[in-house]
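Enquirer: Start from the sequences and build out the full structure, keeping to the hints where you can.
The residues making up each chain are set out below.
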Amino acid sequence: MTWLEANRSYVLDMLLQHVQIAVPAVLISIVAAVALGRLAWRWRRVGAVVLGATSLLYSVPALPLLIVIPVVLSIPLRSDLNLIIALALYGTALLAGTALDAFRSVDPRVREAAEALGHSRAGIWWKVDLPLSFPVLLSGIRVITVSTVSLVTIGALVGIQSLGNLLTDGFQRGIHAEIVTGIVLTILVAVVLDVLLVLVGALVTPWRRRTPRARSRRRADDTAAVSA
Amino acid sequence: MGIEFRGVSKTYADGTVAVTDFSCTVPSHSTLALVGSSGSGKTTLMRMVNRMVDPSAGTVLIDERDVRELDKVALRRSIGYVPQAGGLLPHRRVVDNVATVPVLTGTSRRTARADALDLLARVGLDPALGRRFPSQLSGGQQQRVAVARALAADPHILLMDEPFGAVDPIVRRDLQDQLAELQAELGKTIVLVTHDIDEAFRLGDQVVILRTGGVVAQTGTPQQILAEPADDFVRDFVGADRAERRLTTTEVDGRRIVVDGDGRPVGVLA
Ligand SMILES: Nc1ncnc2c1ncn2[C@@H]1O[C@H](COP(=O)(O)OP(=O)(O)O)[C@@H](O)[C@H]1O
Ligand SMILES: [Mg+2]
Numbered sequence: 602m603t604w605l606e607a608n609r610s611y612v613l614d615m616l617l618q619h620v621q622i623a624v625p626a627v628l629i630s631i632v633a634a635v636a637l638g639r640l641a642w643r644w645r646r647v648g649a650v651v652l653g654a655t656s657l658l659y660s661v662p663a664l665p666l667l668i669v670i671p672v673v674l675s676i677p678l679r680s681d682l683n684l685i686i687a688l689a690l691y692g693t694a695l696l697a698g699t700a701l702d703a704f705r706s707v708d709p710r711v712r713e714a715a716e717a718l719g720h721s722r723a724g725i726w727w728k729v730d731l732p733l734s735f736p737v738l739l740s741g742i743r744v745i746t747v748s749t750v751s752l753v754t755i756g757a758l759v760g761i762q763s764l765g766n767l768l769t770d771g772f773q774r775g776i777h778a779e780i781v782t783g784i785v786l787t788i789l790v791a792v793v794l795d796v797l798l799v800l801v802g803a804l805v806t807p808w809r810r811r812t813p814r815a816r817s818r819r820r821a822d823d824t825a826a827v828s829a
Numbered sequence: 017m018g019i020e021f022r023g024v025s026k027t028y029a030d031g032t033v034a035v036t037d038f039s040c041t042v043p044s045h046s047t048l049a050l051v052g053s054s055g056s057g058k059t060t061l062m063r064m065v066n067r068m069v070d071p072s073a074g075t076v077l078i079d080e081r082d083v084r085e086l087d088k089v090a091l092r093r094s095i096g097y098v099p100q101a102g103g104l105l106p107h108r109r110v111v112d113n114v115a116t117v118p119v120l121t122g123t124s125r126r127t128a129r130a131d132a133l134d135l136l137a138r139v140g141l142d143p144a145l146g147r148r149f150p151s152q153l154s155g156g157q158q159q160r161v162a163v164a165r166a167l168a169a170d171p172h173i174l175l176m177d178e179p180f181g182a183v184d185p186i187v188r189r190d191l192q193d194q195l196a197e198l199q200a201e202l203g204k205t206i207v208l209v210t211h212d213i214d215e216a217f218r219l220g221d222q223v224v225i226l227r228t229g230g231v232v233a234q235t236g237t238p239q240q241i242l243a244e245p246a247d248d249f250v251r252d253f254v255g256a257d258r259a260e261r262r263l264t265t266t267e268v269d270g271r272r273i274v275v276d277g278d279g280r281p282v283g284v285l286a
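Quick mapping for you: the protein sequence lines, in order, are chains A and B.
Per the working numbering, the very first residue in the first sequence carries number 602; after that it's consecutive.
Per the working numbering, the very first residue in the second sequence carries number 17; after that it's consecutive.
Bear in mind the hints are in silico, worked out from the structure with no lab data behind them.
Check each hint, because a few of them may be wrong.
[Stated by the list, open to error] Listed next, with one range per pair, are the computed distances between beta-carbon atoms: (1) A246(B) <-> V647(A): 44 to 52 Å; (2) R125(B) <-> A723(A): 15 to 23 Å; (3) E85(B) <-> V650(A): 33 to 41 Å; (4) A723(A) <-> R84(B): 20 to 28 Å; (5) P807(A) <-> A246(B): 48 to 56 Å; (6) R125(B) <-> I788(A): 42 to 50 Å; (7) D134(B) <-> V650(A): 47 to 55 Å; (8) S740(A) <-> S72(B): 26 to 34 Å; (9) A803(A) <-> G55(B): 40 to 48 Å; (10) A200(B) <-> L797(A): 49 to 57 Å; (11) D708(A) <-> A130(B): 25 to 33 Å; (12) D134(B) <-> V785(A): 36 to 44 Å.
[As the list claims (entries may be wrong)] Computed, partial: chain B to chain A, Cβ under 7 Å: (13) Y28; (14) M68; (15) Y97; (16) P99; (17) G102; (18) T116; (19) V117; (20) L120; (21) G122; (22) T123; (23) G279.
Everything numeric in this text was worked out from a predicted model, so none of it was measured.
By construction, the Cβ of each residue, glycine as well, lies at the ideal position given by its N, Cα and C atoms.
Expert: Below, the structure is given as structure tokens:
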């Protein structure tokens, strides 16, 4: 506790850093994975190839990736951007397949009916495909959010600051309280973001909230409709 | 608004022949029932009207205008569409499902919702159901909502694809009666797809019986088809030999009673 009290602002700094890297990485992953998933949904063959190549990305070890990215894009090794890009690549690799599943989960009868009513292509995307694929997509987003938050710590090995620094620094200097703080806070960030995602998910998909009463009401109504 | 199918055919990309040289005119304010077993090309034919399917040959005309000259999206918005079971937007409340097309065409959401509640009442639903999501309704109620949605923009033409195919027979009968009532009042030009010959006879002014490959087996009024089935296929399909269609009369206490082939009374001759 005394260590934590003495190092409050440092810990807060690292915490903030951590979130500032994880959140953009997740956001980029979502956009990229949705685009790839959509591509794969639309053109099966091309999609299978692209998704296959994307999932290979996940097998590239993190440290080499953190060295290759700055070389290819000529950005500094020790920059947040470097780590954000690396994590976004992993996130995309993990999420693209789920995004494809998400689009496949949309009932084609619903999509066709929407088209027949006179929705434009863009209308179907925004008003039908996106909201209806969201529940499956969200399950994937939760997975990459948690994995991204824990992966951010790796940046400490090449000098990109995050809660990972509490781990490396703690080990080097043998400060147990620092290590424990790093671990606990990393888990906490993951849990808080996950809970937020679940809440947002429930908020934007009200049609999936089933009241237990709905089922019994349903039956009663049909008899009422007949006798009416 | 009349609809004319002029020598239309459809062969899908995989080589499936769905419709073969089909011609038919649907006069304004009348109902055409397309009936046939599964895969006989009914849905394909119906979809040619709102350009969900473009024919491989021939043309479809609405009021003498080739539908291919019309903008797809605008055309679809101008035509009411009742899909098979499961075609409601599951993530929109019932009232918003009904208001879909008016909102698409620029009516304010507020006005569209108010109109939608009135429409729910017209199709026999409690407007209070407007707040529910489709999954919270029974199958029969969902199809009533689908009918209300199709009527929301007050289209001249209504396309219905086995609208009551998935609801149980008693509810189906009720829905058919309600549709007949609405039609008597509204006088839409309707293309109704069904595999239920009784439904076709009950609702169609003109009935087309299709065989596999979208080949016409017979076209006519229900009376004509029952009186003179074109061939054994039609006879079999309409069940002309079925006991409940072979009606005879007997006299009981001076009144003429109509009984079916099983001897069950079905009515009194006026
Ligand atoms: N998009 C499509 N691609 C290929 N074949 C299709 C397509 N849609 C329908 N078909 C085929 O065309 C035939 C007629 O289908 P459809 O018009 O749906 O018949 P119905 O509505 O009478 O059941 C069937 O053999 C069906 O499998
Ligand atoms: Mg069909």
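Enquirer: If you check each hint against the structure, which ones fail?
Expert: 8, 12, 13, 21, 22, 23
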